[in-house]
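Chemist: Each chain is listed here by its residues.
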Amino acid sequence: MRFFSSLWAALVDGVVDMNANRSRSVLQFIGIVLGVGSVVATLGLIDGGRQQTTKFFETTGGILKMRIDNKNVQAAEQSATEKNSKGLTYQDAEILKRDGKNLSLVEPTIERQELVRRSGFEKRINLSGATPAYEPMYSFHVAEGRFITQQDLSESSKVVVLGSARRDQIFGGENPIGKTVEMAGATFTVVGVMERKEFFWNEANGNSLEWMNEMIFVPITTMMNRLSGERENQKVAYINVQVASLDQIDAGNEEVRTLLKRAHGGIEDFEVYNRKDRMKQMEQQGKVYDVTFMVCGTISLLVGGIVIMNILLASFNERVREVGTRKALGASPVHIAAQFLVESVVVTMAGGVIGIFTGIGFCQAMAKLLQQSMSVTPSMMITGFSCAVVVGIFFGFYPAVRAARLSPVEALRYE
Amino acid sequence: MTSLPSSSRPLIELSGVTKSYDQGEMQVNALRGVDLSIGRAELVAIIGPSGSGKSTLMHILGCLDQPTTGTFLLDGEDVSAMSSFQLARIRNQKIGFIFQTFNLLPKASLLRNVELPMLYGGVSASERRERAMVALSRVGLEQRAAARPSELSGGQRQRVAIARAIVMNPRLILADEPTGNLDTKTGNEILQIFDDMHAAGHTIAIVTHDPRIAERCHRVIRIEDGAILSDALQRAA
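Protein sequence lines, in the order shown, are assigned to chains A and B. Numbering-wise, the first sequence is residues 72 to 486 according to the numbering used here. Numbering-wise, the second sequence is residues 3 to 239 according to the numbering used here.
Among these hints, one or two may not hold up.
According to the in silico footprint, chain A covers these stretches of chain B (three or more CB under 8 Å from chain A) [to be verified]:
1. 59-71
2. 83-90
3. 110-120
4. 124-135
Everything labelled a hint here was simulated from the structure, so no lab data went into it. Ideal Cβ placement from N, Cα and C applies to all residues, glycine included.
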């Protein structure tokens, strides 16, 4: 009990002593502040980038979505049957919808440029022939009026839904619902306007989803029956499908392949992109940067630790006689070690706290500079702080043990 | 031997104490068999030329170092085989050191300097303060308790060191050339304090090569070549 109270007193004394030798502590403090700062900033930037990717996928339909594209088979490798392959069709989408057990949504899209006209407006614009599933597939919703309905599909109705940018372009400030536009020589009634979609990877690059705001939707059947010359063909630009849950991604992927291959007579003239793989791939690419960043952050912290040890060792010599005196007065090795250790621990703890704020500052400055988003979460702060304390104890330990082990006679004799 | 109550036994009993160091290839025999007994309330001078082994003897008496062979009973306790933790406790409780170079903590106040041994002894903060002030007043420096050592003269610094040495009420006060860094007049003032402490019942051993200090002590132990050359009582100063 007496020993513990004396140990506590020695710890307090160590802190008082630090205050008396402030310049020594300040340098160590700066080392740790910068070290923790860079660790926190690194973690923040890495995580910021990752969150951006996830958010981007979420704004455009989530990770459960996969896209089936036409694949051009190399001319030289084309066999006779492959030459006959007609690519993705509306029929394929119907098959997937009927037989795909893992698929919760199937959405074929046809794209075609047509002349769009209204009084004072005339332009060739890409039209998208879509089904009602487009809305949930892309989490892209109507803001006014309605989207394409099942009835529109079965009746091949001449209705159109405008992206918000197109509405502004064609109708200006007017309410377009119920008004008409002329497309490919036919008259279409506007039934809805889409919400505005926005996503900024960074502020310099503008809206990466502006293309969605420039879309014009008509029912896919209208596109096939009224606008397309080749009704038989029913070729589509791509088909999007969605699986019901994360663990069905691989099964869904396989199912799409099997069903389409069978429908296409064994020819794989399509490609399936699933977003999980895409994300994994992006993460793999990002890992190189993550590791580089982490190494830099860790090195900074290590340098901070070495600064601590260096200063402790440099001041060690001038403190040897003091250690000798303290030992003569009755300090046990534990008292001496505690006094040295408390110094590095207090310095690193204080440095750790300030380092967290410095890290947030770094992060914000870098985010601004790189036009990149960032986020510092409590777990990162805890990581940074614990790193600092571990470094402090680790690098403070050697000088502390060395001081504790000094023989009192040698220490007192030290010049 | 152990049946005797400790108070009636000598404070210090060395028997057959040797100390040798390995210095490179050579072995240095700093002490070659010292038998010595110092009683309570004695004022003893240990003198000898440099290299005689008197510093080594002082280190052993102060429990800063341990004999290579032989036994050392301090206050009836065998300290020759104690661990460094036990020795630290003995130094803290039973020995007060006074150094030639004062060895005060330069950046700490006089009060904190005098409190230091009590800190390692686990004395409560309020008691530490109280006892440190009493010790400082015994050397006439209670008014300067908040000052730093650098603001004091050499003689005043040594008086602080004396206050620090007596604050734990040690059995033995060990002084190593206590006037070595002081002029004669200041040195005499310090020696006067030793006389006063001796009169008050403290056991004091002064290690010195200054014969004038030795003259003031009632017992002079002369060391040469690692052994006691003479051990003589003289008339009290």
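Chemist: Within the stretch 110-120 of chain B, is the number of residues with a Cβ closer than 8 Å to a Cβ of chain A three or more?
Modeler: Check passed, 4 qualifying residues.
Chemist: Taking 8 Å as the C-beta cutoff, is the stated coverage of the stretch 83-90 of chain B by chain A satisfied by three or more residues?
Modeler: holds (count 3)
Chemist: Check whether three or more residues of the stretch 59-71 of chain B sit with their beta carbon closer than 8 Å to a beta carbon of chain A.
Modeler: holds (count 4)
Chemist: Count residues of the stretch 124-135 of chain B with a Cβ under 8 Å from any Cβ of chain A, then say if the count reaches three.
Modeler: holds (count 3)
Figure legend: structure checked against the earlier numbered hints; every hint is met.
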